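Trainee: One letter stands for each residue in the lines below.
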Amino acid sequence: MFNAIVSAGTLRTALDSVSVLVEECKLHLNDDEIAIRAVDPANVGMVDLALSADAFESYEADGGVIGVNLSRLQDIAGMAGSDDLVHLELDEETRKLHISIDGLEYTLALIDPESVRQEPDIPDLDLPAKIVLEGRDINRAVKAADMVSDHIALGVEEDAEQFYVDAEGDTDDVHFELDTEDLIDLTVGPAHSLFSLDYLKDMNKAIPGDAEVTIDLGEEFPVKLHFDVAEADGSVTYMLAPRIQSD
Amino acid sequence: MFNAIVSAGTLRTALDSVSVLVEECKLHLNDDEIAIRAVDPANVGMVDLALSADAFESYEADGGVIGVNLSRLQDIAGMAGSDDLVHLELDEETRKLHISIDGLEYTLALIDPESVRQEPDIPDLDLPAKIVLEGRDINRAVKAADMVSDHIALGVEEDAEQFYVDAEGDTDDVHFELDTEDLIDLTVGPAHSLFSLDYLKDMNKAIPGDAEVTIDLGEEFPVKLHFDVAEADGSVTYMLAPRIQSD
Amino acid sequence: MFNAIVSAGTLRTALDSVSVLVEECKLHLNDDEIAIRAVDPANVGMVDLALSADAFESYEADGGVIGVNLSRLQDIAGMAGSDDLVHLELDEETRKLHISIDGLEYTLALIDPESVRQEPDIPDLDLPAKIVLEGRDINRAVKAADMVSDHIALGVEEDAEQFYVDAEGDTDDVHFELDTEDLIDLTVGPAHSLFSLDYLKDMNKAIPGDAEVTIDLGEEFPVKLHFDVAEADGSVTYMLAPRIQSD
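If you're matching them up, the sequences are chains A, B and C in order. Per the working numbering: the first sequence = residues 1 to 247. Per the working numbering: the second sequence = residues 1 to 247. Per the working numbering: the third sequence = residues 1 to 247.
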């Protein structure tokens, strides 16, 4: 059983954060939240989304799992204004999701959850450095790095108490640093890892400019990016595996 | 003889409503209005436009007929701001149209009207259902249907007093219904016909969101869409032939 | 030695005016200004840019010459808001340009000035007609001519005291004229020359709509277009060779 009403804006934010990595996913319709975990086909980027029942106008669910095509669902949500309400109701018999938006009814065929790529175990890492910053600074770093390279190093300068981003191109380099004045918070620790810029660009697309993003970082370890959505009634965690340092 | 002055906005609205169906057309320069009738190459969609002399700042004509390339004329009108005046003057001798916009003079070569596809006879149908609604609701229906299918059914639910739109895709369906509260007016009658979505999408492009559109509908009959332009000094009627119901 | 701070807006305006003609250029880092002269590969269009030290927040230079890839430098300047300051510093040893924008550091590899196409001698022509007009009128003329032709005639009607633009297409023509009321200033003289529209379109892209542009014109002679940038602390002169009149 699943019957819920949510604003189109909240639904879109949630879907966007997952669709930057995968095209299909499983939705766990838990009794207190919708949960999605997914990993991209190359097993490099993962997302863990939870959208609490509090983010909904009304919410009833009993723990079922459905498989959905995200771009279909995004297209439908895109038919509504941000504040319009979207009514989602699962038809258990036909295994279709009925979606209503102000007189418009869309019947979405679901995907067999068994056919969706298996959900990742998101490892519980103890990463030594923690950086809290605004989403727009991640955007700036990613855009700058993209001018010169297809990978990006994130690290912490422990003595100077700085978070830095490095990108080395064939001829040009980019270096970006933020100190404790620019950051919301910083816990220093040994941290320097190289990542594929493509993945970070995709994740960046889903990070609002005014979001407070927490980055957990280590030395040649995966990075975790965490931020809240839906006025803190939802949360998104990305994890990205490091690239082997080439030099 | 043809010598007229009209705002660029009015001229563009009129041209746009025809150019969604055809690239060339005949303009009947009647003494009280400009009239255009045209049918698309596949003979499926027709347009009937009348723009009264009242829509012009000044208007003189004596019943001539000229052939024009619509996209040329649209490009020229596009050089002006919406409120700028466009002066149109026919040179009978050279068979060219002189178009002036604030110091800019464009000399447009006309097309031999004989070489333009013949104008359709727009059949005088007695369609049993009449739906009056806002242009934006047509837009919404067309966009929703376009997510799942390339054809669209329009119909009236007589008992429930509803106008509905149905689109059936391979896996997903869209159903949109508007009752008398959502509609401006409704005359019920037996009505259900299937149409090519491509044509309706093209016609929809020319329908302003705030226009009051009258739809005349029957059972497996053509549909007529009618709306006013140029502050009611002009009117557009589209007619679209039905597709044979495939199921 | 070169060490300067300038607003991103001013830097972008200067770079844009040159990049419409060439991809690489030499920057003369004179002690009182940055100067760029360049000619396009076909030797048809030239640009002469001077950006005075007064256009900078701070400026130190001693006459060196560096070669730069303009689109790289534009991309970097594009990372900043218009009012953000860009700090440029030349590293003489590595021959790299360090560019800083609010915490972001970009290291730009320079190009050997010897490998950049040789700078043109901009001829000192005594052209009989001078037209001073707003940039937006040039834009209007160029857009109108582009509808019908790939070349454009500029000229002065001496008796009528008008500046005119003519473009003749295969079937359609455009004529645009501005009299002394429309122009800021006009010095009449024998002037009529034909130009490639492609070049004028490129130059037009770099001319602000509200710029006061001075056009020097003769009979089958090159045209000069001159306008100020950076609140008159910089100036741009384009010169465009005429096409041979074909008729």
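No lab work stands behind these hints, which were simulated from the structure alone. Where hints are given, some of them may not hold.
Okay, the calculated bits of chain B under chain C, using three or more residues with CB under 8 Å as the criterion [said to hold, decoys possible]: (1) 25-35; (2) 66-78.
Derived DSS-like pairs (lysine-lysine); straight-line CA-CA distance at most 30 Å [said to hold, decoys possible]: (3) B:96 / B:143; (4) B:96 / A:96; (5) A:201 / C:201.
Now the stretches of chain C that chain A is said to cover, found in silico as 3 or more residues with beta-carbon under 8 Å [claimed, not checked]: (6) 7-19; (7) 69-78.
Since the model is a prediction, treat every value here as computed from it, not as a measurement. We put the CB at the ideal spot given by N, CA and C, even for glycine.
Trainee: Looking at the structure, which of the earlier hints fail to hold?
Mentor: 1, 3, 4, 5 and 6
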